[in-house]
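Quick mapping for you: the protein sequence lines, in order, are chains V and G.
As numbered in the working numbering, residues 1 to 135 make up the first sequence, in order.
As numbered in the working numbering, residues 1 to 224 make up the second sequence, in order.
Careful: at least some of the hints might be erroneous.
To be verified - Reference listing, derived: stretches of chain V covered by chain G, where coverage requires no fewer than 3 residues with Cβ under 8 Å from a Cβ of chain G:
hint: 1; stretch: 12–25
hint: 2; stretch: 81–89
To be verified - Cβ pair distances, simulated, as ranges:
hint: 3; chain 1: G; residue 1: Ser209; chain 2: V; residue 2: Ala43; range: 40 to 46 Å
hint: 4; chain 1: V; residue 1: Ser19; chain 2: G; residue 2: Glu20; range: 16 to 22 Å
hint: 5; chain 1: G; residue 1: Ala49; chain 2: V; residue 2: Val28; range: 47 to 53 Å
hint: 6; chain 1: G; residue 1: Glu73; chain 2: V; residue 2: Asp99; range: 37 to 43 Å
hint: 7; chain 1: G; residue 1: Ala49; chain 2: V; residue 2: Val70; range: 57 to 63 Å
hint: 8; chain 1: G; residue 1: Arg221; chain 2: V; residue 2: Asp99; range: 17 to 23 Å
hint: 9; chain 1: G; residue 1: Asp180; chain 2: V; residue 2: Cys76; range: 46 to 52 Å
hint: 10; chain 1: V; residue 1: Glu58; chain 2: G; residue 2: Ser209; range: 55 to 61 Å
hint: 11; chain 1: G; residue 1: Arg16; chain 2: V; residue 2: Arg92; range: 30 to 36 Å
hint: 12; chain 1: G; residue 1: Arg28; chain 2: V; residue 2: Ser15; range: 25 to 31 Å
hint: 13; chain 1: G; residue 1: Gly115; chain 2: V; residue 2: Tyr72; range: 36 to 42 Å
Treat the hints as calculated values from the structure; they're not laboratory data.
Every residue gets a Cβ at the ideal spot worked out from N, C-alpha and C, and that includes glycine.
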Amino acid sequence: MHELSIVQSVVETVSEWLSTQPPVRVRVVNLRVGVLSGAAEEALRFGYEVATVRTPLEGSLLMVRTAPIVLYCPACDALIEIEGIRDFRCARCGAPTGDVRHGREIEIESVEIEEDSEPGHAHSGAPQGSPQEER
Amino acid sequence: MSPATRIVELRKGVLRKNDELAAGLRRRFADAGVLVLNLVSSPGTGKTALLERTLRELREQGYSPAALVGDLETDNDARRLAASQAPVRQINTHGICHLEAEMIGRHLEGWNLAGFTHLFIENVGNLVCPSSYDLGEEIRAALLSVTEGEDKPLKYPSIYNSADVAVITKIDLAAACEFDDVLARRNLAAIRPEIPVFELSAKTGAGFSAWVEFLIAASKRTSA
Chain V
1 MHELSIVQSV VETVSEWLST QPPVRVRVVN LRVGVLSGAA EEALRFGYEV
51 ATVRTPLEGS LLMVRTAPIV LYCPACDALI EIEGIRDFRC ARCGAPTGDV
101 RHGREIEIES VEIEEDSEPG HAHSGAPQGS PQEER
Chain G
1 MSPATRIVEL RKGVLRKNDE LAAGLRRRFA DAGVLVLNLV SSPGTGKTAL
51 LERTLRELRE QGYSPAALVG DLETDNDARR LAASQAPVRQ INTHGICHLE
101 AEMIGRHLEG WNLAGFTHLF IENVGNLVCP SSYDLGEEIR AALLSVTEGE
151 DKPLKYPSIY NSADVAVITK IDLAAACEFD DVLARRNLAA IRPEIPVFEL
201 SAKTGAGFSA WVEFLIAASK RTSA
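Based on the sequences and whatever the hints tell you, model everything.
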C-alpha cells in the first residue's frame with residue numbers, strides 16, 4: 001500500500017506548482033500510471049481523497065490513466081508496446097526482451113484548473129465554498 | 001458567468017524526489033567503490049538468513065561487507081546479523097511498506113563507505129511497493145523461496161521485472177515442496193528475460209559458492 005505515499009507526492013507536487021500561479025482552483029489532476037508501477041487505481045483514488053483533506057486540492061478529482069509497457073526490441077530496433085504484464089517478448093518478432101522503456105512511470109500529466117473570472121464569485125456546484133485565495 | 005476552465009500540462013514524475021536522492025546515493029556509492037545490493041522479496045523468503053551467511057562468508061574471505069535492514073518494527077534482524085561482526089544498522093519504517101532513498105541516506109551517517117566492499121540493503125518484505133523506489137543500488141536481487149510456489153514471478157511481475165538477479169532460496173526444502181525448478185526458471189525468464197538465477201540454501205550452504213563468487217566479482221568491478 002504505497003499508494004498513499006504516491007498521492008502525497010502528487011499533492012505536494014501540484015501544491016508547489018499552484019503556489020507559483022495566480023489564484024486558481026484545481027478541478028482534476030490527470031495521472032498516468034504505468035502498469036508496472038505496482039500502483040492500483042482504486043487505492044490511488046481512495047488515498048487521494050484522504051491526502052487532499054485541508055490542502056488546496058481538497059475536493060478535486062484524481063483521474064488515472066493506465067499506460068502500457070513499451071519494450072525495446074534489439075532485433076527489430078524498435079519500440080514495441082505489449083499487452084499485459086506477464087510476457088516480455090517482442091509483439092512483432094517474438095524475441096524475449098527485458099529492456100523496458102515505458103510502463104514503470106507515475107507521472108502527473110496535467111491539471112484542469114478553473115480560473116475565477118470574477119474574484120470572490122461563488123461557483124455553483126463547486127466542491128468548496130471559498131475561493132482559493134481566501135485559504 | 002461560469003468560470004473558465006483550462007488544462008495545464010505539468011509532466012512531472014511523482015517519484016522524482018526519490019529518484020534524485022537515489023541518483024545522489026549512486027554517485028556516492030560509486031565514489032566510495034562499494035557494491036550496493038537491494039534485496040527484495042515477500043516476508044519469510046529468507047532475506048535475513050541469506051544475509052547472515054553471506055556476511056559471514058564474505059568476511060571469512062577477507063571482504064568487508066555491511067548491511068542496512070529495513071523492517072516496520074523491531075531490531076531483531078539487525079541483532080541477528082550483528083553476530084557476523086559486520087557493521088549492521090536497522091531501519092524501522094514504522095508502518096511504511098518499503099524503503100526510500102531518503103531513509104538510506106539518513107542511516108549512512110557516520111559510516112565510512114570507502115571502508116566497505118559490499119553494502120546490502122534488506123528491504124521491507126513486500127513484493128509490490130519496493131519495486132518503485134530506487135535506493136541507489138547497483139544490483140537489485142529478488143528472492144523467491146521454494147515454499148512460495150513457482151508462479152510468484154507471474155503474480156508479481158513488477159518486482160521481478162525490476163530485478164537484476166534472482167535468488168531461489170531454501171532449496172534444501174525443494175523436494176518436500178515438490179518445487180519445479182524448470183518451471184520457476186521459465187516464469188522468471190518470461191518476466192525478465194536472461195535474468196541470472198542463483199539457487200541456494202542458507203541453511204546447508206548449497207549453492208552458496210556461486211553466489212559469493214558473483215558478489216566478489218561484482219565488487220571488484222565496482223571498486224576498479
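Evaluated hints:
Note: the stretch 12–25 of chain V has 4 residues with beta-carbon separation from chain G under 8 Å; the three-residue rule is met and the coverage holds. With 5 residues having a beta carbon nearer than 8 Å to a beta carbon of chain G, the stretch 81–89 of chain V meets the requirement of three or more and the stated coverage holds. For Ser209(G) and Ala43(V), the hinted distance range of 40 to 46 Å is satisfied, since their beta carbons lie about 43 Å from each other. Our hint of 16 to 22 Å for Ser19(V) and Glu20(G) holds, since their Cβ atoms are close to 20 Å apart.
Here the CB-CB span from Ala49(G) to Val28(V) is close to 48 Å, well matched to the stated 47 to 53 Å. Our hint of 37 to 43 Å for Glu73(G) and Asp99(V) holds, since their Cβ atoms are close to 38 Å apart. At about 38 Å, the CB distance of Ala49(G) to Val70(V) disagrees with the hint of 57 to 63 Å. Look at Arg221(G) against Asp99(V): about 21 Å separates their beta carbons, and that is inside 17 to 23 Å.
For the hinted restraint 46 to 52 Å between Asp180(G) and Cys76(V), the CB-CB distance of approximately 33 Å leaves it violated. Separated by about 58 Å at the C-beta atoms, Glu58(V) and Ser209(G) satisfy the suggested range of 55 to 61 Å. Judged by the Cβ atoms, the range 30 to 36 Å given for Arg16(G) and Arg92(V) holds: they are separated by roughly 32 Å. Here the CB-CB span from Arg28(G) to Ser15(V) is close to 30 Å, well matched to the stated 25 to 31 Å.
Between Gly115(G) and Tyr72(V) the Cβ separation comes to about 39 Å, which falls inside the hinted range of 36 to 42 Å.
Hints 7, 9 from the list above are not met by this structure, while the remaining hints are.
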